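Protein chains: 2
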Amino acid sequence: MSSQPPHPALLIPGPIEFDDAVLQSMSHYSESHVGPAFVSTFGDTLSMLRKLFQTSHASSQPFVISGSGTLGWDLVAANLAEPGDDVLVLHTGYFADSFADCFETYGSRPTQLKAPIGSRPQLPEIEKALKEKKYKLLTVTHVDTSTGVLSELKGLSELVRRVSPETLLIVDGVCSVGSEEIEFDKWQLDGVITASQKGIGCPAGLSISMFSGRAIETFKNRKTPPGSYFASMKNWLPIMQNYEAKKPSYFATPSPQLIHALNTSLTQILSKPLSERFAIHREASQKVKKAVTDLGLRQLASDSADQANGMTAIYLPENVKVPELLPNLFKKGVVFAGGLHKDIAAKYIRFGHMGVSVTDSNRDDIDRAIKALETGLSEVGYQKA
Amino acid sequence: MSSQPPHPALLIPGPIEFDDAVLQSMSHYSESHVGPAFVSTFGDTLSMLRKLFQTSHASSQPFVISGSGTLGWDLVAANLAEPGDDVLVLHTGYFADSFADCFETYGSRPTQLKAPIGSRPQLPEIEKALKEKKYKLLTVTHVDTSTGVLSELKGLSELVRRVSPETLLIVDGVCSVGSEEIEFDKWQLDGVITASQKGIGCPAGLSISMFSGRAIETFKNRKTPPGSYFASMKNWLPIMQNYEAKKPSYFATPSPQLIHALNTSLTQILSKPLSERFAIHREASQKVKKAVTDLGLRQLASDSADQANGMTAIYLPENVKVPELLPNLFKKGVVFAGGLHKDIAAKYIRFGHMGVSVTDSNRDDIDRAIKALETGLSEVGYQKA
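As given, the protein sequences belong to chains A and B, one line each in that order. Under my numbering, the first sequence has 94 at position 45, and the numbering climbs by one with no breaks. Under my numbering, the second sequence has 148 at position 99, and the numbering climbs by one with no breaks.
If you're looking for bench data, these hints aren't it; they were derived computationally from the structure. Hints are all accurate, no fakes.
In the EDC-like style, the derived pairs of lysine to aspartate or glutamate whose C-alpha atoms are separated by at most 20 Å in a straight line are:
| # | chain 1 | residue 1 | chain 2 | residue 2 |
| --- | --- | --- | --- | --- |
| 1 | A | K296 | B | E373 |
| 2 | A | K336 | A | D352 |
| 3 | A | K272 | B | D150 |
| 4 | A | K336 | A | E325 |
| 5 | B | K272 | A | D150 |
| 6 | B | K203 | B | E215 |
| 7 | A | K339 | A | E423 |
| 8 | B | K269 | B | E131 |
| 9 | A | K163 | A | D146 |
| 10 | B | K272 | B | E153 |
| 11 | B | K283 | A | D150 |
| 12 | B | K269 | A | D150 |
| 13 | A | K185 | A | E153 |
| 14 | B | K283 | A | E153 |
| 15 | A | K182 | A | E153 |
| 16 | B | K336 | B | D352 |
| 17 | B | K380 | B | D413 |
| 18 | A | K283 | B | D150 |
| 19 | A | K185 | A | E131 |
| 20 | A | K269 | B | D150 |
| 21 | B | K185 | B | E266 |
| 22 | B | K163 | B | E153 |
| 23 | B | K296 | A | E373 |
| 24 | A | K321 | A | D93 |
| 25 | B | K433 | B | E373 |
| 26 | A | K283 | B | E153 |
| 27 | B | K272 | A | E153 |
| 28 | B | K183 | B | E215 |
| 29 | A | K272 | B | E153 |
| 30 | B | K183 | B | E266 |
| 31 | B | K180 | B | D135 |
| 32 | B | K295 | B | D93 |
| 33 | A | K283 | B | D146 |
| 34 | A | K163 | A | E181 |
| 35 | B | K283 | A | D146 |
| 36 | A | K163 | A | E174 |
| 37 | B | K396 | B | E423 |
These numbers come from a predicted model, not from an experiment.
Construct the entire structure; sequences and hints are all you get.
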């Protein structure tokens, strides 16, 4: 029996449904942010992130900072790029535009490589771009929350290492960490930024990231000071290193309650092999995608190789309106999200299938959601052709 | 009976002890950040902040952003000052140095007006400084968490309006909002930045601020774009206005659980007259300060007019060491903080007396802490002369 009151299952691409124990950790009694008990909890949490990202290099550096996923962009743009640096931004939807804005704010020069909606830039185009100009960083949105497009990282990394080995490879993993396979060391990633409220399964309020030793060296070799104060690695690096060494340290007050919840969530995730977790997400995703196809509907991500395992973006039939369907589904106890990609926002919905909704066998969120979608569509007048 | 497990009373100058209902709100089941239920909760929370800050001008603008108190500095420095602008920073301890660093990060030029430890810059010096140079902003730490020094805002505001009326008056109220009287409109303040975990009584993780219509106009009239992305008012202003108008809006995902907790805390605070709340804090503070004097100890804030009502910074006797006394007090069930001002950190302790520890008559935190301090000091060898 869940300790949560009955409520509609939140099946948007984040925030997701949370486990009882994680939510209970949010109510932890107040502790000093520099007291030994909390310092130990925070230190363990940082160490667990190394396992989640599959990195065993001592030089890799985790960061957990009060904020949102967006703060990760500042962490990258204000610390790893310097004014005037060129940055190649692979575009798969809404989030690349914003990441590019963030780079511009701090004075670097983003070049966007855009793909048609529902697709992603292909390796030959990326190779061409990398050969045309020297890029300090290349960024890729692992799963674009606005389109459900999954980018392939292993081949991308091999390409970058071959064609432009000094370029740092930065992954926006806000909608992928915890639900998609990420091998930080093996794929030679330089940075993955994410947030707490999606695949990691902890309430929103934390910016979570991992950077390679090479990225940290790039930061340390800056010629100009970091462009942000709150997102400055100069301010945060010693704090993260101290907490992980179980030494109290202060730059800005962390949120003990959120860190406890993250600790609980990571402990749960790491209690089983990560490969199993990713397999369960793939299976659930296949079930959802099959149901979508069976309903005669199309996904934004047209190529099956480009489809995320933690969410599905679904084009609605011509005669079905988002503001009609979503309240109908809400009444059936499931919450989906509307469209986010500005060009086609009114034409599609997003179904998130991450975390306990797919990993907890006591939950039937996904089956109920598929059923609600079938019934709901027919109730608002859709008949499969 | 509290629903919290037995634990030592956290009496540091933030985070503070939290009310049961506030902590329970932290465990709220997951909700969409753009769904009508949460949008309404967030909107109400923003409106309640207007009452807490005592502002009824429609042009005043509240902001609640995932982050920490420190983020408030970026909000000021990256939006209200432009590169090259002069800023006068009144210095009462640790926090002015950091706020000045933050201004420098974004290219403005801070001038610090420093007072001896335990004191604050006096009005005649401030007047002289304001006449020497044109300052875009003047910042003051209302309560300096490192020294327990309280700055007086009403007279300061009158001075600024008389001598340099265009200068924006910005208050760092991280350790004062909720425990010290603040009359945003009457005192003609232009900005007050704070955090959730002190006088407001909600767990850490939120940057909370209020800006005047004049400050927002100053932002809108910038000649250069904001210096930060995550802390950009350009990105956040429409979001805050939409939430308060109960319209869904998205820039970065807020933390529904923290916003619920803040909503609960503000509802509790505003259920009684604010004047009563401030009077209770003053009384508790007087009790603590009398006990300190009775023990033959001195405060960092030497002048009683400069002493905060939510915390007390206490010089230890010569022969008593912080690392000896604090664990002794911990065993007695109370947690105090060590020193923070780098010049004298080893010589003093800090006792926070804010929020439910003073307002909840079912709690005896303050009396227990005073008693623990008396006994603890004698156990580590101190005898009043």
